[in-house]
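Please take these sequences and the hints and turn them into a complete structure.
As given, the protein sequences belong to chains C and G, one line each in that order.
Numbered according to the working numbering, the first sequence spans residues 1 to 473.
Numbered according to the working numbering, the second sequence spans residues 1001 to 1125.
If you are wondering where the hints come from, they were derived from the structure by calculation, not from laboratory data.
Hints may contain errors.
Derived EDC-like pairs (lysine to aspartate or glutamate); straight-line CA-CA distance at most 20 Å [what the hints assert, rightly or not]:
hint : chain 1 : residue 1 : chain 2 : residue 2
1    : C       : Lys225    : C       : Glu329
2    : C       : Lys137    : C       : Glu329
3    : C       : Lys137    : G       : Glu1063
4    : C       : Lys137    : G       : Asp1028
Note that the coordinates shown come from a computational prediction; the quantities given were computed from them, not determined experimentally.
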Amino acid sequence: MSHVPPHVPYELTGAELRDAVVQYATNPIYLDHDDWENDDNPYRRQLRPQILPHLDLEAVPGRENILNYPSLAVQRLLTCIYEADLVFFPKSGIEGREADFNAFYSPSNRALGERVRPALERYGFGFLDAEVETSGKWTAESLHSYLDSLVPDTAAEEGSPAEQAIRGSADPARAARMWLAQFAPDFLSEASPMIRNVLGYYGAPQSEWFKIIIDEFGYGVHRTKHSTLFENTLESAGLKSDVHRYWQYYLNSSLLLNNYFHYLGKNHELFFRYAGALYYTESSLVDFCRRADRLLREVFDGAVDTTYFTEHVHIDTHHGRMAREKIIEPLVAAHGEGVIPEIVRGIEEYRVLLEVADADFSAQIAWMDDQPELKKLHDPVYEGVRLGRVDAPVAHIVEPRGELSNTHCHDGDELCHIVSGTMRFESGLGSSLTLRDGEGVVIKRNRLHGANIESDECVYEIHSVGDYRKCLS
Amino acid sequence: MPVVTFSVSGAGNCVVIDDAPFVYATVDRRGFVMLARCPHRGGPLHLSTPTADGAYLVCPWHERRTSVARLRAQIPAVRRGDRVAAVIPDAALPGAAPDAPASDGSVSLEYRPLSPALARPRATV
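Here's what the structure looks like:
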């Protein structure tokens, strides 16, 4: 036999990875936007490529750092990469957007995305390796007992932390709109990640899984397709329903949750994990959707279309059962009990992500509600900085009218101080402050925000204080 | 099969079912749930020390060795963060022995200190 060189698995690291990420994200469709919302253009997604050369995307963050900016950047990148497999058209047609359409679906964009995807997935989802660990010899019987024991964390009547945050918000309607916007990446292309699992051939469970997809797609009747139902919900709540209009308002964890299913669906070695996550999603959605229906009707005084949620209360009762009896159990029977740890892992990983998303969303609503207080807090914190209570690096920035800092977050608290001019400080959908000479705001760690300059020129400072409380006496 | 959820460390790190204590232990950075009782004379296996190769736990009472591979396989479990859910096979419960008294079905949470070698290492990320 002739000499065969050893196989070297593909891996991209170091400067090569950084350069490849930057090459992908400098596609013109990913550059900064001069508006907060994308207007009926599903190909335009802001990736802030100018920041990417400065990020370390190799050292996998632990759960405590999963909401830091590099993770948000990675989840935004992954969303673009995964969604190049899906078909999106503007509601008003592609006329006038042909260049963006071609740029998004071009072989170059797709190949550049695939080149960095494994490294970004390791960065984005690697923390789950430490968060979830299976052990012991699982049997069909122990799996049965375990599944029986699962009570969704959010089954309690008071609802999840995110739902409580909406009810307790100073502006529940604004909070509910922010909440609905978080679902848009998932619900407007609902079941697309799942469809990745019904390609190929693997016997009866494949057909059973397809039945769930048929339900999600409304049996070919467009007005009953789940994404259509969600469009109706968005519009009835005063939001627009074009794809990724609210891209800049997506929280890190909202993208993380949605990308998780693409990650499992794109990498078929994780197929069994997807089956577990599917079961937990479908069975927990029944209670969730029942509460969501009630919450939205309460917040919008009944003037909201909640059919999306009431439909799921009904159909997911079936889907939970189908996922267990028609997919998971036959898969275990066909492939042996060795696949069970992966199924269990998928369930528990999804539960971790739900916890992360609940905490992230609740913190964002509190951040939006607290804006007037955080503006007042500027004065004592700025005084602390001036007196040298912390050693905070400072960036001196001069920007012209209309300069829009696309949304982002920081890995520590920062203080924004306006020297001269006027800035609109954006802290969420429908949430902003106007800051003038001598004013400012405390920017909390990990909270999504952006800024727009509303005077001919704005001179301002960003003090990286780390923990703003250290600036107070 | 009872499914119990408990903490992997600190208060409530031991679930006691029918007088049988179960804890989450870590050997070679891989965790598992085990009966914290030596099969020899009932010594405190949670205070045992692994052999240098990590293949056995050595009970502090009579230095009896118990196979880690066997312990790992015994109880299916999944840890999420700092809590673990374990499906306790009937065979791992005291009531499974032919001369055992009937199960009273009691389940309680307790604290059992773990030997440093079995405690879950802190995340280093």
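Hints, verified against the model:
Taking the CA atoms of Lys225/C and Glu329/C, the gap is about 28 Å. The hint is violated against a cut of 20 Å. Note on Lys137/C and Glu329/C: the hinted pairing holds, with a Cα-Cα distance of about 17 Å set against a maximum of 20 Å. With a CA separation close to 26 Å, the supplied pair Lys137/C and Glu1063/G exceeds the 20 Å bound. Distance hint between Lys137/C and Asp1028/G is fulfilled; the C-alpha atoms sit about 18 Å from each other, no more than 20 Å.
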